[in-house]
Amino acid sequence: MIEIKNVSLWYDKSHQVLDDISETIESGQTVVICGPSGSGKSSLLRCINGLERFQKGEIIVNGVSVFHPDTDIHKLRSNIGMVFQHFELYPHMTAMDNITLAPLRVRKKSQKEAERRAMEILERVGIPEQAVKYPAELSGGQKQRVAIARALAMEPQIMLFDEPTSALDPEMIKEVLDVMIDLAGEGMTMIVVTHEMGFARKVAHEIVFMDKGRIVEKGTGHDFFNHPQNERTRHFLSRILI
Amino acid sequence: MDMDVITRNLHFMLGGLVLTFELAIITLSGGFLVGLILAMGRLSSRPWLYYPATCYVHFFRGLPLILVIFWLYFLSPVLTGRSLEAFYAAIIAFVVFEGAYFAEIIRAGIQSIPRGQAKAAYSTGLTPFQCMRHVILPQALRNMIPALVTQAVIIFQDTSVAYVIGLREFLRRVNLVDAREARSVELYLFAGLVYFTFCSTGSLLSQRLENRRQRNWV
Chain R
14 MIEIKNVSLW YDKSHQVLDD ISETIESGQT VVICGPSGSG KSSLLRCING LERFQKGEII
74 VNGVSVFHPD TDIHKLRSNI GMVFQHFELY PHMTAMDNIT LAPLRVRKKS QKEAERRAME
134 ILERVGIPEQ AVKYPAELSG GQKQRVAIAR ALAMEPQIML FDEPTSALDP EMIKEVLDVM
194 IDLAGEGMTM IVVTHEMGFA RKVAHEIVFM DKGRIVEKGT GHDFFNHPQN ERTRHFLSRI
254 LI
Chain U
229 MDMDVITRNL HFMLGGLVLT FELAIITLSG GFLVGLILAM GRLSSRPWLY YPATCYVHFF
289 RGLPLILVIF WLYFLSPVLT GRSLEAFYAA IIAFVVFEGA YFAEIIRAGI QSIPRGQAKA
349 AYSTGLTPFQ CMRHVILPQA LRNMIPALVT QAVIIFQDTS VAYVIGLREF LRRVNLVDAR
409 EARSVELYLF AGLVYFTFCS TGSLLSQRLE NRRQRNWV
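Protein sequence lines, in the order shown, are assigned to chains R and U. Residues 14 to 255, numbered by our numbering, are exactly what the first sequence covers, in order. Residues 229 to 446, numbered by our numbering, are exactly what the second sequence covers, in order.
Looking at chain R on its own, in the form it has when it is part of the complex (with noise of 0.2 Å):
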């Protein structure tokens, strides 16, 4: 469970990010975070796993305060998997070693433990065939699956996915949906950052709408879609939904 608590966040003491955000999302569900760049949404996500510091307010992931100083903050992050925009793989490693490092490093796996689990997640997101690759050879779609199976391998309880098919051709769009739907069907903890409204309606439990730093609107799918109550979400789905 993440409770969000009057978060709020300043880059340079004058321009404010975050404006007093609270949101609790229960272990299991899936809650999609929309709304105009410059929202405030992918700050919120890197302030969930410690990535961003913010200045007021309170986030406790599974009952550990965020930036509390006895919270050892790599620990926490080990379990909660991150997948950005721009994939962000280490472009002088393998597929393979991408997904190993941290299981290595981190989780003190060994080699071959590590490796066969790796092979299991490249199986379940559709492309053991490109363990050998490097990430310069692989399609974005391919890229994206390689960066969810990296988040994959430390056995996270959560996963946060920062616009994950932005940056996408749209014939690869649907590929990496898939995955993320498979992963919400298995009861994974999800919070994505998107745009993609037809995977909003098919698996969030829950859509948050953000604007100029604040949650304006939040709601289930079917509310959210066919009743929205503020000004500014029907303004944004008119313009999003054609």
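Honestly, the hints are just simulated from the structure, not real lab data. All values reported here derive from a predicted model rather than from experimental measurement. Check before you lean on any hint, since a few could be wrong.
[Said to hold, decoys possible] The calculated lysine to aspartate or glutamate pairs, modelled on DMTMM-like cross-linking and capped at a C-alpha distance of 25 Å, are:
| no. | chain 1 | residue 1 | chain 2 | residue 2 |
| --- | --- | --- | --- | --- |
| 1 | U | K347 | R | E168 |
| 2 | U | K347 | R | E150 |
| 3 | U | K347 | R | E230 |
| 4 | U | K347 | R | D32 |
Add chain U to chain R, keeping to what the hints say.
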């Protein structure tokens, strides 16, 4: 032109290359290590690491190498009460001095890696040290190769400065032969040829290395 003077003294002069290479290799590895530590300080957000490292780099980049060698050789007996052997004085001066240059090369190399790489590494639970060791430095080092080779060539040439405190490296030996034989033109042209051969070979090797790196990953 009397080429005989070179063949006659070839063994003696090339013998100095052993010391030249010794100085160059120790400076290269020691300077790189010092530079790596300084670069970490330069990139740190902690003021007590950032300011000392930054001051160090600016200080030594603002001095001529020959002065640093003089300092170590002539000031260390005053400060410690014991005189420093010329070889060690030269080595320490080189490492201390070149470390400042390596620091800037390494810092720039690390900063050339997109920040997302570190974020990805941290998101899997890697510590800053592990992230640097396995994700950032391997990529940064490849980007640094041209600058590192240039610096290595400069160090190889700069070792000749060690003659000012009496070290008989290659150039000093050529100089000694000239004092005896009075054949400056032949001898110094020969010295130039030797330096040029080693330095250009080094540069060519680095180009090979660079071409190879472009094959595997971009």
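Quiz item: Of the numbered hints stated previously, which ones are contradicted by the structure, given in increasing order?
Solution: 3
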